[in-house]
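Respectively, the protein sequence lines represent chains F and E. Residue 525 in the numbering used here sits at position 522 of the first sequence; the count goes up by one each step and never skips. Residue 18 in the numbering used here sits at position 11 of the second sequence; the count goes up by one each step and never skips.
Hints listed in this document are in silico derivations from the structure and should not be mistaken for laboratory results. Fair warning: there could be bad hints in the mix.
[Unchecked claim] In silico DSSO-like pairs for lysine-lysine, Cα to Cα no more than 27 Å straight-line:
{"hint": "1", "chain 1": "F", "residue 1": "390", "chain 2": "E", "residue 2": "408"}
{"hint": "2", "chain 1": "F", "residue 1": "80", "chain 2": "E", "residue 2": "179"}
{"hint": "3", "chain 1": "F", "residue 1": "37", "chain 2": "E", "residue 2": "359"}
{"hint": "4", "chain 1": "E", "residue 1": "476", "chain 2": "E", "residue 2": "446"}
{"hint": "5", "chain 1": "F", "residue 1": "369", "chain 2": "E", "residue 2": "393"}
{"hint": "6", "chain 1": "F", "residue 1": "80", "chain 2": "E", "residue 2": "393"}
{"hint": "7", "chain 1": "E", "residue 1": "359", "chain 2": "F", "residue 2": "80"}
{"hint": "8", "chain 1": "E", "residue 1": "167", "chain 2": "F", "residue 2": "43"}
{"hint": "9", "chain 1": "F", "residue 1": "43", "chain 2": "E", "residue 2": "359"}
{"hint": "10", "chain 1": "E", "residue 1": "359", "chain 2": "F", "residue 2": "27"}
{"hint": "11", "chain 1": "E", "residue 1": "179", "chain 2": "E", "residue 2": "167"}
{"hint": "12", "chain 1": "F", "residue 1": "555", "chain 2": "E", "residue 2": "403"}
{"hint": "13", "chain 1": "E", "residue 1": "393", "chain 2": "F", "residue 2": "542"}
{"hint": "14", "chain 1": "F", "residue 1": "390", "chain 2": "E", "residue 2": "403"}
{"hint": "15", "chain 1": "E", "residue 1": "298", "chain 2": "E", "residue 2": "240"}
{"hint": "16", "chain 1": "F", "residue 1": "373", "chain 2": "E", "residue 2": "393"}
{"hint": "17", "chain 1": "F", "residue 1": "542", "chain 2": "E", "residue 2": "371"}
{"hint": "18", "chain 1": "E", "residue 1": "179", "chain 2": "E", "residue 2": "255"}
{"hint": "19", "chain 1": "F", "residue 1": "542", "chain 2": "E", "residue 2": "408"}
{"hint": "20", "chain 1": "F", "residue 1": "85", "chain 2": "E", "residue 2": "222"}
{"hint": "21", "chain 1": "E", "residue 1": "408", "chain 2": "F", "residue 2": "403"}
{"hint": "22", "chain 1": "F", "residue 1": "542", "chain 2": "E", "residue 2": "317"}
{"hint": "23", "chain 1": "F", "residue 1": "555", "chain 2": "E", "residue 2": "446"}
{"hint": "24", "chain 1": "E", "residue 1": "408", "chain 2": "F", "residue 2": "560"}
{"hint": "25", "chain 1": "F", "residue 1": "43", "chain 2": "E", "residue 2": "393"}
{"hint": "26", "chain 1": "F", "residue 1": "542", "chain 2": "E", "residue 2": "167"}
{"hint": "27", "chain 1": "E", "residue 1": "179", "chain 2": "F", "residue 2": "403"}
{"hint": "28", "chain 1": "F", "residue 1": "85", "chain 2": "E", "residue 2": "446"}
{"hint": "29", "chain 1": "F", "residue 1": "27", "chain 2": "E", "residue 2": "393"}
{"hint": "30", "chain 1": "F", "residue 1": "555", "chain 2": "E", "residue 2": "408"}
{"hint": "31", "chain 1": "F", "residue 1": "405", "chain 2": "E", "residue 2": "371"}
{"hint": "32", "chain 1": "F", "residue 1": "80", "chain 2": "E", "residue 2": "343"}
{"hint": "33", "chain 1": "F", "residue 1": "43", "chain 2": "E", "residue 2": "403"}
{"hint": "34", "chain 1": "E", "residue 1": "403", "chain 2": "F", "residue 2": "405"}
{"hint": "35", "chain 1": "E", "residue 1": "298", "chain 2": "E", "residue 2": "140"}
{"hint": "36", "chain 1": "F", "residue 1": "144", "chain 2": "F", "residue 2": "134"}
{"hint": "37", "chain 1": "F", "residue 1": "420", "chain 2": "F", "residue 2": "456"}
{"hint": "38", "chain 1": "F", "residue 1": "27", "chain 2": "F", "residue 2": "37"}
{"hint": "39", "chain 1": "E", "residue 1": "64", "chain 2": "E", "residue 2": "112"}
{"hint": "40", "chain 1": "E", "residue 1": "263", "chain 2": "F", "residue 2": "405"}
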Amino acid sequence: MPDINNPLIVQSDFSLLLEVFNPKFEIVRNGLTKFAELIKSPEHIHTYQINSLSLWNAAAAGNRSEEIIVFLEKYSKFEVPKNVLTEIQIIYHRFGMVEIHECPYDKDKLFLVIKDSSVEKEILSNPKLKKFLIDKVDDKKYTIQLLLRGDLKVAFFYYNIPVYDIAGYVDGLPLEINLKEVASSKKKFELRDYQIMASDAFYHAGSKFGGHGTIVLPCGSGKTIVGIKIISLVKTYTLILTTSVVAVHQWINEILDKTDISPDMIGEYTGDKKEIKPITICTYQILIYRKDKESRFIHFDIFSAHKWGFIIYDEVHLLPAPIFKITSEIQSTRRLGLTATLVREDKKESDVFCLIGPKKFDTPWKILEKQGWISEALCCEIKLPLKEDLMMEYLIADQKSKYNIAAQNPLKIEVLKSLLFQHLGCHILIISNFISQINDIAQKLNLPVITGKTPNSVREEQYKKFRNGELKVLLVSKVANFSIDLPEASVLIQLSGTYGSRQEEAQRLGRILRPKLNTMSYFYSIITRDSIEEQYSHKRQRFLTEQGYSYKIDFWKPEEFLCQN
Amino acid sequence: MSELKHVKLDYLNEKEIIEFYELFFGNILIKRPGFSYYSNLSKCLTKDNVVQSILEKLNSHELNILKILSRNIYIPNDYLIEKLHIIMDIPAPIIKKSISNLIEKKYIFIREDKKLVIPNVFFSDDSEKSDYKEDQDDPVVYSSRALNDINNLLNYYISKEIKHSNSFSLYKKDHHDLIAVFSNYSSINEDEYDLVTYFYGVNFVDETESLIIEKVKDYFNLPNFNKTMQFVKIVFPWLNTIISYFYKQNTCIRIKKDKLKNLWVNSILLTEYKNIPIKFSFEKTLKFLLKLNLIIKEKDEFIFPIFKNKEDDEFNSQARLTSSFNFFINADNLRKDFYFPAMFSDFIKYNKIVEYEITEYSVKRGVINGLVLDDVLDFFNSFSLKIPLNVETTLKQWFDKYASYFYSTGTHFFCQSREKGRLINSLVEKGLIKAYQIKENEVFLIPDEHKEQFFSFIEKSGIDFYQKKPIKVINEPIDKVFNINFLLTKIE
Chain F
4 MPDINNPLIV QSDFSLLLEV FNPKFEIVRN GLTKFAELIK SPEHIHTYQI NSLSLWNAAA
64 AGNRSEEIIV FLEKYSKFEV PKNVLTEIQI IYHRFGMVEI HECPYDKDKL FLVIKDSSVE
124 KEILSNPKLK KFLIDKVDDK KYTIQLLLRG DLKVAFFYYN IPVYDIAGYV DGLPLEINLK
184 EVASSKKKFE LRDYQIMASD AFYHAGSKFG GHGTIVLPCG SGKTIVGIKI ISLVKTYTLI
244 LTTSVVAVHQ WINEILDKTD ISPDMIGEYT GDKKEIKPIT ICTYQILIYR KDKESRFIHF
304 DIFSAHKWGF IIYDEVHLLP APIFKITSEI QSTRRLGLTA TLVREDKKES DVFCLIGPKK
364 FDTPWKILEK QGWISEALCC EIKLPLKEDL MMEYLIADQK SKYNIAAQNP LKIEVLKSLL
424 FQHLGCHILI ISNFISQIND IAQKLNLPVI TGKTPNSVRE EQYKKFRNGE LKVLLVSKVA
484 NFSIDLPEAS VLIQLSGTYG SRQEEAQRLG RILRPKLNTM SYFYSIITRD SIEEQYSHKR
544 QRFLTEQGYS YKIDFWKPEE FLCQN
Chain E
8 MSELKHVKLD YLNEKEIIEF YELFFGNILI KRPGFSYYSN LSKCLTKDNV VQSILEKLNS
68 HELNILKILS RNIYIPNDYL IEKLHIIMDI PAPIIKKSIS NLIEKKYIFI REDKKLVIPN
128 VFFSDDSEKS DYKEDQDDPV VYSSRALNDI NNLLNYYISK EIKHSNSFSL YKKDHHDLIA
188 VFSNYSSINE DEYDLVTYFY GVNFVDETES LIIEKVKDYF NLPNFNKTMQ FVKIVFPWLN
248 TIISYFYKQN TCIRIKKDKL KNLWVNSILL TEYKNIPIKF SFEKTLKFLL KLNLIIKEKD
308 EFIFPIFKNK EDDEFNSQAR LTSSFNFFIN ADNLRKDFYF PAMFSDFIKY NKIVEYEITE
368 YSVKRGVING LVLDDVLDFF NSFSLKIPLN VETTLKQWFD KYASYFYSTG THFFCQSREK
428 GRLINSLVEK GLIKAYQIKE NEVFLIPDEH KEQFFSFIEK SGIDFYQKKP IKVINEPIDK
488 VFNINFLLTK IE
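Please model the complete structure; the sequences and the hints are all you need to start from.
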């Protein structure tokens, strides 16, 4: 019943506002995670949105609409708008109306079972949906082509008909793999509660109701471990797709460290090596490589090189479009998407839902931070003036050049020096998008550098030195945005970014979120004030504040630079 | 058209009487002595068939329009086509043509282009008085959800600096955006958005579509019922006349729908409009008034209750400001400065809670509207809000950035000494002339729109002045010669 002391405001446009400073906040936040998308979570008020996708994700995870309605009514401050209650039931009702089942007598076909005659009419009257149906074999039961399973799901979703795919999976070749209790690094290895919950939610005890879906966990919370746990559950030949060669090597190291599998069973499929083993890890870049736009993707053959039983899509929010296409053809294989954020700049979240699978697990960043599984981070933006002699050049430059001038403001090195001094002894990552800026700073401060041109072997060596403390400061280009596991890093200094990319901001912050003993993490952005860089930075800053991070802004005045000199 | 009423034509002037006579009987070449157009015409028009024969010459549109016009002897000519378009719902060009024909054929007359004179001879009097009943009832405390919607729509318009067409309609894109933000929660439907646009366009912005902040303040300072009345006064001036009459009776009024419609037609025709009337049918208007809770429907009757404002309007003054630059406030808040966030932030969401977003450009808009940082900080402080540090710092920076430079156009008025300037300043302070001090008591800037009034006032006041022409920069003759050898040949 509505109670003014409750923390939740349910609005007629399906947005939910949750008051943070309310005793029931945590209960409600945990409940909302199941069926609503967290849009932003600054202090005071968190905004959630209920939409078809979030409700179908909830339905796929086994939540019932009645439970959601009771929950909303129980914690709402005001009366829940009638349209919201009605719509939730209508949307929920559509999930499971159409199912894909196995066809026992023809391995190239599947059954499409429609449970509602009005939905059946809707499908039959729409040529774009009807074309998938081959024969009617029974009342509301049709055969469809196995190979069009993915395309069908995407097409039906477009018309608001989510397809519940319970046709099961083709078994891959079996693989004996188990998790170790003590990792090879001699450290005790134990899965955290949320990692167990995430893997169970995905695996669903091996039934056909599990086996494909996406797990959303913050950077630094151990998504790789969840992936490895699931490999040990499905025990089959596994293909892992990730973002970079370094990430490939990290996967290999983690698998070797945490499981009993021997190194010869793990293959690397990258620009450097082309190994295909029972567990093969490859990069997105190599997969989508082709000589020219007309040529075929020659490395797509890897999908048929083995009888894979499981595919992992690391950083699924970055999955390139051609891989969506090939994924639509391999819907009989178990698939797992791993990501820190389902936000795709290309708005293809629905393709992730249809082709990889619905979200199976998500947990707010702040919960893990509170539990100590990810580090607490303090964000600070330092604004400094543009060097006087560059001002005229800046004023007459075009927009792009303006950004380049502001981002590479030579005074940034002074602030950088000061920060390095302030965090002396900490593991510090310095990140910039401009190679010239990186080289200049590296030369002036005598710092080790990793850019796209750094050979992989050198990169690995540098990362290794950074991890074991031989190097305390590392200067990197945007190659280090993703999938780089540098748990020791506690300070990140951002000299420049890719314009206003929110995703990049989140990923960069993620680099310093690995939990540390009694240490806060610090995320600095150094930007030129009164410049176009400030506008982009504001957009990025807003994204982090929406994730609940407070931001401090500091100004450096010209006199301070004089003092430095 | 059945029986004729008593013919009285004394409101027609001599010329009109002659022309009206000629409409029926043609031009008289030779008049007998003692002939009077007036008495002759008056006598003849008592005959049914005379009028009938002349009406038969009109087409159906002309006839219908004449019938509507014949409800009154005098009708203001301002926006008459638009008014008839609202009443009759026939295309404006047809109305225009028909009126022009009626005037040309001398069925009706126009005086100084200001008012129409309609001889009251064509139809029996259909426009009998609309009767109503009085009903004793206590004043009702006024409240309306639709008024909240209007207030928020106005804030949206302020925040988006909405532009409108000449007829005060929204442009298509703005209309779509508005639907996206408002349709889900607002009780005001898409058709009715234009009413708010009309109010905004007529009352809140000047001819250059710049916001008149004083007008906004005045409106939001009003108690709820007065806000509604202000809205009605601007959007439905005809209704304002009716309601004002009813309220003077100091009792509830009951009136049947057909009688109210009759009143509606007459009031629209007789109301003088300063702006083009908004096209809104009688039925739609009733629905809107019901939403505004200004009237109550009971079977075929409408009740106009007597309202009073809440003695002490309680307002839900909770608000939140987040570090992500979002400001949340209850949609039904009755604060007098409810419009304020719209001045410096973007209205992005409307529901139980209104969500604003402060952006660099919205702050720039605030600066242009004359806000300073302290105004904004004071506003937040009035909610006892803790302003997030990053927001405060960024706001300071933005205000500093956009308030640093500005320009203004107009005429400079120089005073030779500060003493002389004080006189001008006192006139400005008393509101007698409009000018801005550029240098205290020495230099004033007169905006273009006030220039005429400024100089006319000081001329009448006996303050002498002259226009100093700017000194022309005369280019010095070029002190340079070029070699003309190639043009000349020396003859030996």
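Against the structure, the hints come out as follows:
Straight-line distance between C-alpha atoms of residue 390/F and residue 408/E comes to about 18 Å, which keeps the hinted pair within the 27 Å bound. Distance check on the hinted pair: residue 80/F and residue 179/E sit about 37 Å apart at the alpha-carbon level, beyond 27 Å; violated. Only pairs whose Cα atoms come within 27 Å are accepted, and residue 37/F paired with residue 359/E is accepted, the gap being roughly 24 Å. Distance restraint check for residue 476/E and residue 446/E: the Cα-Cα separation of roughly 20 Å lies within the 27 Å cut-off, and the hinted pair is therefore satisfied.
With a CA separation close to 22 Å, the supplied pair residue 369/F and residue 393/E stays within the 27 Å bound. With a C-alpha separation of about 23 Å, the suggested pair residue 80/F and residue 393/E falls inside the 27 Å cut-off, and the hint holds. Among the hinted pairs, residue 359/E with residue 80/F is consistent with the structure: their alpha-carbon atoms are about 11 Å apart, no more than 27 Å. A threshold of 27 Å between alpha carbons decides the hint, and for residue 167/E with residue 43/F the separation of about 23 Å falls inside it, so the pair holds.
At most 27 Å may separate the alpha-carbon atoms for a hinted pair to count; residue 43/F and residue 359/E meet this at roughly 18 Å. With a C-alpha separation of about 21 Å, the suggested pairing of residue 359/E with residue 27/F holds against the 27 Å cut-off. For the suggested pair residue 179/E and residue 167/E, the alpha carbons sit about 14 Å apart, so the restraint of at most 27 Å is met. Proximity of residue 555/F to residue 403/E is assessed by CA-CA distance (about 14 Å); at most 27 Å being required, the pair is judged to hold.
Taking the CA atoms of residue 393/E and residue 542/F, the gap is near 22 Å; set against the 27 Å cutoff, the hint holds. The suggested pairing of residue 390/F with residue 403/E holds, with an alpha-carbon distance near 22 Å, which does not exceed 27 Å. With a C-alpha separation of about 17 Å, the suggested pair residue 298/E and residue 240/E falls inside the 27 Å cut-off, and the hint holds. Restraint check: the Cα-Cα separation between residue 373/F and residue 393/E comes to about 23 Å, which is no more than 27 Å; the hinted pair holds.
Restraint check for residue 542/F and residue 371/E: the C-alpha separation of about 17 Å stays at or below 27 Å, so the hint holds. For the hint linking residue 179/E to residue 255/E, the alpha-carbon distance of about 41 Å lies beyond 27 Å, and the restraint is violated. A threshold of 27 Å between alpha carbons decides the hint, and for residue 542/F with residue 408/E the separation of about 18 Å falls inside it, so the pair holds. Among the hinted pairs, residue 85/F with residue 222/E is inconsistent with the structure: their alpha-carbon atoms are about 38 Å apart, more than 27 Å.
Restraint check for residue 408/E and residue 403/F: satisfied, since their Cα atoms lie roughly 21 Å apart, inside the 27 Å limit. The straight-line distance between the Cα atoms of residue 542/F and residue 317/E is roughly 44 Å, outside the 27 Å bound, and the hint therefore fails. Pair hint residue 555/F plus residue 446/E does not hold up; C-alpha atoms about 40 Å apart against a cutoff of 27 Å. For the proposed pair residue 408/E and residue 560/F, the alpha carbon gap of about 16 Å is at most 27 Å, so the pair holds.
Our distance criterion of 27 Å between C-alpha atoms is met by residue 43/F and residue 393/E, whose separation comes to about 19 Å. Between residue 542/F and residue 167/E the CA atoms are separated by roughly 20 Å; this keeps the pair inside 27 Å, and the hint holds. Among the hinted pairs, residue 179/E with residue 403/F is inconsistent with the structure: their alpha-carbon atoms are about 33 Å apart, more than 27 Å. For the hint pairing residue 85/F with residue 446/E, the CA-to-CA distance comes to about 62 Å; that exceeds 27 Å, so the pair is violated.
Among the hinted pairs, residue 27/F with residue 393/E is consistent with the structure: their alpha-carbon atoms are about 22 Å apart, no more than 27 Å. With a C-alpha separation of about 20 Å, the suggested pair residue 555/F and residue 408/E falls inside the 27 Å cut-off, and the hint holds. Our distance criterion of 27 Å between C-alpha atoms is met by residue 405/F and residue 371/E, whose separation comes to about 21 Å. With a C-alpha separation of about 25 Å, the suggested pair residue 80/F and residue 343/E falls inside the 27 Å cut-off, and the hint holds.
Proposed proximity of residue 43/F and residue 403/E is supported: the alpha carbons are some 24 Å apart, at most 27 Å. As the CA atoms of residue 403/E and residue 405/F are separated by approximately 23 Å, the hinted pair is consistent with the 27 Å bound. Between residue 298/E and residue 140/E, the direct Cα distance comes to roughly 23 Å. Compliance with the 27 Å bound is thereby established for this hinted pair. A threshold of 27 Å between alpha carbons decides the hint, and for residue 144/F with residue 134/F the separation of about 15 Å falls inside it, so the pair holds.
Taking the CA atoms of residue 420/F and residue 456/F, the gap is near 25 Å; set against the 27 Å cutoff, the hint holds. About 17 Å separates the Cα atoms of residue 27/F and residue 37/F, which keeps this hinted pair within 27 Å; it holds. Annotation: proposed proximity of residue 64/E to residue 112/E holds, straight-line Cα distance about 10 Å (limit 27 Å). Of the supplied pair hints, the one linking residue 263/E and residue 405/F is violated, its CA atoms being roughly 70 Å apart against a limit of 27 Å.
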